[in-house]
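Engineer: Work out the full structure, taking the sequences as your base and the hints as a guide.
Now for the letters of each chain:
Protein chains: 2
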Amino acid sequence: MKKKTSLSVSGFALAVLLCSCSAPKDQSGFPLILPKEKPGRKLSAAMERNYSAYMAPRPEHNELYSQFKYTELKGLDYSNHDGTITRRDPSKVIFANGKYYVWYTHRHTPTPPQGPERCTDTIPARDWDLSEIWYATSEDGFTWEEQGVAIPRPPKPNPGWRSVSTTDILEWKGKYYLYYQAFQIHPSKRGDDCPVAVSYADSPDGPWTPTNKIVIPNGAKDEWDGYSIHDPYPLVYKGKIYLYYKSDFDGDPRWVRMQGLAIADHPLGPFKKHPLNPIINSGHETTLFPFKEGIAAFVIKDGNEHFTVQYARDGVNFEIASITELMPIAAGPFVPDAFTNTQFGKGITWGICHNTWVKGHSLLMRFDCDLSLDVNDPLMKAHRYSYKPEFYYEHGLKKEQRKRIEDETRKLKGE
Amino acid sequence: MKKKTSLSVSGFALAVLLCSCSAPKDQSGFPLILPKEKPGRKLSAAMERNYSAYMAPRPEHNELYSQFKYTELKGLDYSNHDGTITRRDPSKVIFANGKYYVWYTHRHTPTPPQGPERCTDTIPARDWDLSEIWYATSEDGFTWEEQGVAIPRPPKPNPGWRSVSTTDILEWKGKYYLYYQAFQIHPSKRGDDCPVAVSYADSPDGPWTPTNKIVIPNGAKDEWDGYSIHDPYPLVYKGKIYLYYKSDFDGDPRWVRMQGLAIADHPLGPFKKHPLNPIINSGHETTLFPFKEGIAAFVIKDGNEHFTVQYARDGVNFEIASITELMPIAAGPFVPDAFTNTQFGKGITWGICHNTWVKGHSLLMRFDCDLSLDVNDPLMKAHRYSYKPEFYYEHGLKKEQRKRIEDETRKLKGE
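Protein chains in written order, with the working numbering: chain A, 2 to 416; chain B, 2 to 416.
Treat the hints as calculated values from the structure; they're not laboratory data.
For each residue, glycine too, the CB sits at the ideal point set by N, CA and C.
Warning: the hint list may mix true and false statements.
Unchecked claim - Short, incomplete list of chain B residues facing chain A, as computed with Cβ under 7 Å: (1) L35; (2) K39; (3) G227; (4) W256; (5) V257; (6) P276; (7) N282; (8) N305; (9) R385; (10) Y393; (11) L398; (12) L413.
Structural biologist: Here is the structure:
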């Protein structure tokens with residue numbers, strides 16, 4: 002075998018000897034030690050981007066790259082997860098009166114959600130139907146004490162009489178404002194049609210005063226936010242209220258989900274929608290925070306740019322800052338500088354998110370990450386999670402896919 | 002409560018009435034039906050990108066977006082997963098003689114890998130140490146029959162005498178070529194130092210003739226591929242052999258993993274490394290295929306652009322084509338037009354990948370996807386997988402992270 006080999010290759014020996022692989026045409030090979038700054042040499046598009054599009058050429062040095070860790074919350078009861086109690090869509094977490102506060106959609110109904118065709122005045126169509134805004138406080142962010150209702154459903158026909166849900170908190174000049182989805186019809190087969198309403202209070206403990214007006218109205222019926230304004234998410238930025246929101250549109254056959262921005266000088270409006278809306282092309286629920294001179298955003302679940310953290314230096318024109326995995330759903334982060342009109346946002350390290358589980362109900366959980374300029378936690382900066390074979394097999398082919406594959410093989414064989 | 006509310010808001014009523022939210026400054030709202038082509042209006046950076054950076058504004062219409070499904074292979078024994086038998090780093094799958102072929106790293110040693118300090122001439126340092134290239138065939142792509150060795154370790158001091166691993170296949174003018182990592186030292190604490198060798202045959206069943214020469218040499222010691230050329234991956238493109246490869250470099254504290262390209266007019270060289278290398282800034286093992294007029298690539302696991310499918314119209318300058326999740330590890334796809342010098346690649350729908358499991362051994366599995374212009378499988382085009390709360394909690398905080406978090410809360414409370 003050895004002898005045969007030597008003979009067989011003789012014809013190719015010259016070619017191999019002449020190999021000039023290590024002497025590229027116009028520059029020597031890229032350096033062994035990855036330069037921290039963009040090197041002065043011709044770069045491929047990918048290498049150019051590795052230096053221009055990200056905060057660092059390695060993700061572990063990218064302040065807007067993180068993995069996410071999850072912890073079960075203590076102190077909240079879910080009626081043995083029978084679907085009758087839900088807590089979902091948490092607000093940002095704030096720190097006030099020496100403790101943490103979070104607000105969320107709370108549903109407690111006689112049955113789990115029954116769908117838009119079987120719902121009644123007391124039976125919910127969806128998990129966020131017939132809900133109120135409740136809140137909880139915590140000393141440590143892990144154990145939470147539920148404090149009860151903050152925003153009840155107002156009497157018909159006020160906005161939100163059917164359901165108030167998916168709230169977020171603003172602090173502005175010593176007052177607190179809760180923005181929320183104000184349903185006047187139950188979530189239907191068309192989708193979750195609703196605008197945004199607001200209530201305010203002198204203390205995070207309330208009492209909350211509803212304006213009983215729509216504060217962010219839907220767009221015209223032929224516009225992207227004509228039917229829904231979801232997940233209102235206020236931050237103080239450039240001395241104004243930057244309220245980000247999501248809308249579902251198109252719907253053929255699936256919703257397209259994108260995010261917009263409405264800006265106001267006062268928490269009760271008027272809010273002016275940004276002419277460049279949508280300003281985030283993907284994602285699901287809104288999660289944003291001041292970062293350096295701009296605004297960073299979680300872009301989760303849906304769209305071409307799902308699974309990314311994005312950054313807009315101007316709060317409007319977002320670019321991908323990192324690509325990650327297992328992002329928190331509907332995250333409400335603790336944003337220490339959400340309302341300080343900071344000129345240089347420091348980022349976030351934790352918050353509350355949700356997970357929709359059995360019997361159509363949801364629960365709150367805690368997430369942690371390192372997206373903060375103040376923290377350096379290498380345990381959050383691994384490049385990926387690893388999973389067992391069984392986990393992959395759980396993502397298996399459907400019967401109709403097996404049939405397609407068998408057909409393709411038969412065709413290839415000329416059968 | 003209701004009465005108090007009405008009185009309290011009177012001061013804000015005018016502001017609310019004046020809200021001009023649905024009348025943006027210089028253009029009406031974005032349309033309700035997502036335009037299939039870029040609309041003629043001012044767009045945010047994100048919307049501009051949604052039309053320019055992706056093949057479609059919705060991922061489900063993006064021919065280079067897919068989820069991945071996994072199936073356990075039948076027919077391969079792993080000695081009860083005791084770590085003594087491994088199969089990993091599959092080649093591309095080819096169809097020849099009426100059946101599918103795949104080549105892979107095969108290790109069968111008395112013990113599982115023991116690390117670089119405890120390895121011997123018969124005890125492996127790593128999973129790919131003391132390995133040979135074996136192959137298997139299949140009628141359907143799900144059940145595989147192992148055919149035995151294709152490339153044994155050659156006698157010392159020929160390249161690969163310590164281990165031959167991580168092979169890939171080329172068909173060129175009726176002959177077959179297997180490229181592989183040719184270890185002359187065991188994988189050490191420094192890393193996997195090796196160049197690339199090649200063997201050739203008239204049939205995929207062999208016999209294989211080794212050239213016993215290095216065909217893609219490492220770069221200079223101060224260059225990015227100075228120590229390792231991993232995962233050689235040949236395609237026929239523009240009438241030449243485009244061989245993509247990965248290298249590990251820097252190494253402080255972790256390897257940076259990027260990918261390069263070497264081009265030749267003949268399978269045995271000379272291969273000329275591309276002057277713009279590295280041409281992919283992230284990823285781990287190489288997986289590429291002709292797509293339309295260019296080349297598409299899986300970018301997995303590592304780096305700023307992990308979890309992406311990328312595309313280079315010229316085979317060199319790669320851009321992100323989609324962001325996805327649970328990508329196959331070390332995928333060797335079935336690429337029907339890998340060697341046809343196609344002017345318009347059709348893409349891929351399946352292949353073999355690996356998973357490293359208990360006791361440091363690996364197994365082969367099948368993946369399916371829809372990254373093909375010839376297939377339209379909506380079941381592959383969902384936007385994301387959903388997981389239970391328990392799955393999130395498995396990604397939990399370490400004790401030292403809990404301590405950091407407790408310290409931060411104490412600091413916030415002024416304790």
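Engineer: Tell me the hint numbers this structure goes against, listed in increasing order.
Structural biologist: 2 and 4
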